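**Student:** Listed below are the residues making up each chain.
4 protein chains.
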Amino acid sequence: MQKSEVETRVRESFDRQALMNTLGAKLDIVKDGEVHIRLPASEHITQQHGFAHAGAIASIADSACGYACYSKMEKDDAILSVEFKINLLAPAAGESFLAIGKVIRSGRTISVASAEIFALVGNDEPKCIAVMQATMMRIESKQGLNG
Amino acid sequence: MQKSEVETRVRESFDRQALMNTLGAKLDIVKDGEVHIRLPASEHITQQHGFAHAGAIASIADSACGYACYSKMEKDDAILSVEFKINLLAPAAGESFLAIGKVIRSGRTISVASAEIFALVGNDEPKCIAVMQATMMRIESKQGLNG
Amino acid sequence: MQKSEVETRVRESFDRQALMNTLGAKLDIVKDGEVHIRLPASEHITQQHGFAHAGAIASIADSACGYACYSKMEKDDAILSVEFKINLLAPAAGESFLAIGKVIRSGRTISVASAEIFALVGNDEPKCIAVMQATMMRIESKQGLNG
Amino acid sequence: MQKSEVETRVRESFDRQALMNTLGAKLDIVKDGEVHIRLPASEHITQQHGFAHAGAIASIADSACGYACYSKMEKDDAILSVEFKINLLAPAAGESFLAIGKVIRSGRTISVASAEIFALVGNDEPKCIAVMQATMMRIESKQGLNG
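Residue numbers (my numbering), protein chains in the order written: chain Z, 1 to 147; chain Y, 1 to 147; chain S, 1 to 147; chain V, 1 to 147.
All the pointers check out, no bait thrown in.
Which copy is meant is left open, so a pair is good if it fits within one copy or across any two.
Taking lysine-lysine and the BS3-like style, the derived pairs with C-alpha atoms no more than 25 angstroms apart in a straight line are:
(1) Lys3 <-> Lys72
(2) Lys127 <-> Lys72
(3) Lys127 <-> Lys102
(4) Lys31 <-> Lys127
Honestly, the hints are just simulated from the structure, not real lab data.
As the structure is a computational prediction, the values presented were derived from the model and not from experiment.
Starting from the given sequences, assemble the full structure and let the hints guide the process.
**Tutor:** Encoded structure:
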C-alpha cells in the first residue's frame with residue numbers, strides 16, 4: 001500500500017532524529033493521530049540497575065507524542081515539545097519497549113498527547129511500564145524550521 | 001582532596017548508567033543534595049531540526065535529580081524515578097548542556113528534586129533552556145537493588 | 001442495592017473533604033478503581049473570564065484520582081496526593097463538569113491514576129476539557145490518619 | 001505609593017476570580033514577574049484529614065503563576081493556563097498558606113512560571129509544603145477575553 005503524505009512526512013522527520021538511531025529506536029506504525037515507536041532493550045541504554053533508563057523511555061514517548069500531534073498538522077508546519085510529564089510504573093525490564101502516542105487535542109497552536117509505554121517479553125501480554133502526558137507547539141512554516 | 005563516601009557512591013552508580021555514556025554525558029560536581037551533569041552537543045543526540053532532543057536533555061536532568069536525592073540517602077539504599085516533568089524553554093542549541101539537580105525535599109520514602117538545564121556557548125552567560133520537577137523513591141537495601 | 005464496603009468507605013471520606021462541599025462537588029459513581037465527581041458550574045468557582053477556575057477543575061480531578069486509588073486499598077489505609085499534573089484543553093465552560101478518575105497502577109506504596117474532565121451542556125456530547133495524571137501514596141493505618 | 005499599571009491590572013483581574021474569594025485567598029504582593037497569594041487555613045477548604053486540600057493549594061499556586069506571567073504581558077492581553085504540575089511535599093497544615101509565583105520564561109505565546117507554597121505558623125520559619133511548575137498561554141486582545 002502506498003504511504004500517505006502524512007506517513008511519509010513523519011517518517012522523514014523521524015529519520016532526522018539522530019537520537020532515535022543512537023538509542024536503537026524504530027518508527028513502527030504511523031496513523032492519523034497515533035504513532036508507535038519501538039526500542040529494543042540493550043546494554044547501552046541502561047541505568048545503574050540494568051533496566052532501561054527512564055530517559056530512554058521518555059525519549060521514545062516524547063517522540064511518539066510529538067509525531068502523533070505532527071500527523072495532524074499541515075505539510076509545512078514544524079513541531080516543538082513544550083513540556084512533558086512521565087510516570088514510571090515499573091522498572092523498564094523486557095526484550096523491547098513500545099511507546100504508543102495518541103493525540104488528545106489538536107489545536108491551532110497547542111496540541112496535547114498522551115503515551116503509554118509497554119515492555120514486551122516473548123508472547124507475554126504487553127506490560128504498561130510508563131505513561132506520559134505531553135504538550136506540543138505548532139511552529140508555522142515561516143519560522144524556518146522543517147518537520 | 002579525598003572524595004567523600006557519598007561522592008564515591010554517586011560516581012560509581014553514575015558509571016553504571018550506560019545511557020549516560022551512550023549520550024556522552026559526564027558527571028561533573030557532586031555535592032550534598034546537588035549534582036551537575038554535562039552533555040556536549042553532538043550530532044548523535046539531535047532531533048529533526050539539529051537541536052539536542054528533549055529526551056537527551058530529560059535524561060541528564062532525570063539523572064541529576066536522582067543523584068541529588070541519592071546523595072542524601074544511606075549507603076545501602078537504591079533509588080528509582082517515580083515521575084518527572086520537564087518544560088523546554090528554548091531550543092537546545094549550544095556547545096554543551098549542564099543539568100543542575102537539587103533536592104527540594106528528602107523523605108524517608110519519597111524525595112523531590114528540581115533541575116535547571118543550561119546551554120553553554122563559549123564564555124556567554126549560561127542560558128536556561130529547561131526546568132524539571134521530579135519525584136524519586138528510596139528502595140531499601142533489602143530489595144536487592146544497589147545504587 | 002447495598003453499597004460495598006469500598007463504596008461506603010470512599011463516600012465517608014469524600015464527605016469529610018469540606019472543599020468538595022465548598023465548591024459544590026458531588027460524589028457520583030464509585031466503582032472498583034474508578035470514581036466520578038460532578039461539579040455544577042456556578043459563579044463562585046470562576047476565574048477572571050467567567051469560566052470555571054483551573055484550580056476548581058484540578059480539585060475534583062485530584063479527588064477523583066485519589067479515591068480511584070483509595071478504592072483499591074485496605075480498610076485502614078489512608079491516602080495522600082504526592083503530585084499531579086493537569087492539562088487544560090479548553091476553557092471550562094458548561095452547565096457542569098464531570099471528573100472521571102481511573103487507577104492506572106495500584107502499588108503497595110505508590111499508586112498512579114489518570115482523570116478525564118468533561119464539560120456537560122444539556123444533551124450534547126460531553127466535551128473533554130482537561131486531563132490529569134496523578135501519583136498517590138498509601139499511608140498505612142498505623143500512621144494515625146484515616147481515609 | 002501609586003500602584004503601577006501592571007499591579008492595577010493584576011489586582012482587577014484577581015478580583016474577578018470568584019474562586020479566590022470562595023477559598024478566602026487574598027492577593028498580597030504584586031511585582032514585575034512575581035506574585036504572592038495568601039490563603040488562611042479554614043475548615044471549608046479541608047480534605048478528609050483536616051489539612052488544606054491539595055486542590056486549594058493548587059488553586060492559589062496556579063493563580064500566582066498565572067499572574068506572575070500576566071505581569072509581563074501587555075495591557076490588552078489575556079492569559080490562560082495550559083497546564084500545571086504540583087508536588088505536595090508535606091501535609092498542608094498551618095495557620096495560613098503563601099503561594100509565591102515567579103516567571104521563569106516570558107514568551108510571545110508561551111510563558112513558564114514556578115511557585116513555592118509555604119505553610120505559615122506564628123513566627124516560625126515558613127515551611128515549603130508544595131512546588132509547582134506551570135505553562136501559561138498569552139491570548140491576544142483580539143480574542144475577546146480580558147485579563
